[in-house]
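Protein chains: 2
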Amino acid sequence: MLLERQVMIKLIAFDADDTLWENENFFFEVHEQYAEFMTKYVPKEEMLQHLHETEMRNLQPLGYGIKAFTISLMEAALSITNNKIDPEDLSHILQMGKGMIERPVHLLDGVTEVLEKLQGRYKLITITKGDLLDQNRKLRKAGLADYFTDFIVVNEKDESTYTGILEKYRVDPKHFFMVGNSMKSDVIPALEIGAHAAHIPFRYTWQHELAEHNGRYENLYELKHMCELLNIDLLKG
Amino acid sequence: MLLERQVMIKLIAFDADDTLWENENFFFEVHEQYAEFMTKYVPKEEMLQHLHETEMRNLQPLGYGIKAFTISLMEAALSITNNKIDPEDLSHILQMGKGMIERPVHLLDGVTEVLEKLQGRYKLITITKGDLLDQNRKLRKAGLADYFTDFIVVNEKDESTYTGILEKYRVDPKHFFMVGNSMKSDVIPALEIGAHAAHIPFRYTWQHELAEHNGRYENLYELKHMCELLNIDLLKG
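Chain order of the listed sequences is A and B.
Sequential numbering of the first sequence, starting at 1, is according to our numbering.
Sequential numbering of the second sequence, starting at 1, is according to our numbering.
This is chain A alone, in the form it adopts within the complex:
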């Protein structure tokens, strides 16, 4: 046990959306605005359900991010109204989606302090899903680019994604520490390949990112706040 705790961490990767900065709340707000706007055609709950189904169906062909989301907003509005929607309203919906690109980036509490303390001692990278262009834009807006030696955007975060990244970095999983808000994408696959992971829940979690786990992971750190990372023995070395 002691020995294991003394394993040296070499590489720390952070998820970005809802780990470094707020994200899901923007999507949540647009879902709400959209369903509210569409009440002239269809009850809110029905619209939300239909949008969710459309998003899920579009995940495989279109992937994550604002552009895929914008297409889903249009598609769901057309299909739920049987193409009877006023095109003026579609223009409005298009802008609702595209407008998300302009949103400001709000860093989460403690992020800068923690990165400041960890940089130099560890190689820091980010591993995020989503749209390449949008994620890079957020990183720049957030002013965090200098903390990270790499900013990796992937389609999916599963065990093979993490294995591939670690191979490229020639880092053994036991020297790797992943930090993120999603059990499904950030934590479980990293733990499954033998790495360490901290789970820091965000106040909103997209249904799609929920995952069950049975708490059997020894290398899992359940944190309430980013700053608690600095209290982990493994990261004091």
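None of the hints are false.
Treat identical chains as interchangeable: a pair holds within one or across any two.
Within a straight-line C-alpha distance of at most 30 Å, the following computed DSSO-like cross-link-like pairs (lysine-lysine) qualify:
hint	residue 1	residue 2
1	K236	K117
2	K117	K224
3	K141	K168
By construction, these hints were calculated from the structure, which means they are not laboratory data.
With chain A held as given, fit chain B onto it using these hints.
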């Protein structure tokens, strides 16, 4: 002169769209179909011009790829009709854009033979713009994944993009060879940082990718066909 020719190449990067496989012709075809379909509202040339302007305006916020293109198709149809378009037609246009994801991947002539000969002798990667998900899907469909040690998707291909990649690979520009169909994205920025580049034009070039050059580059190879890569002295070593 002789000395320079004897510089050893260590890393060869290929552009993907219209270098490894056909791409621009699909976009060209959909442009045509779309403008044809919209002739019930607006003359074809006017629609094509308006679409082009919409795409250019959306490049900065939305970037490259099918999703951005699909949004531009919808947006241009709405705006050119002053939101008077039949929503049934918008549904059709949405499917026109999304349908491009399903298209087959047609390898260009000579690609497999050339990769077969170069692999093992050089580290081969691809550097491509566009949508992460779509580009990865095309690489898989093309059956080329095993030839490349890395498949890099970027927002823009300029000098700093190439410099960044070479720093990550710890390869000096003089040991780097870039192959692509776009003077603007593949060839000129690579030459400008002191690397070597082969330009292999595709039969269609997107207006946006055209660039003037004055032929002063010593490390530029103008090729008609991918197979001519194998005749370059520099790549025989």
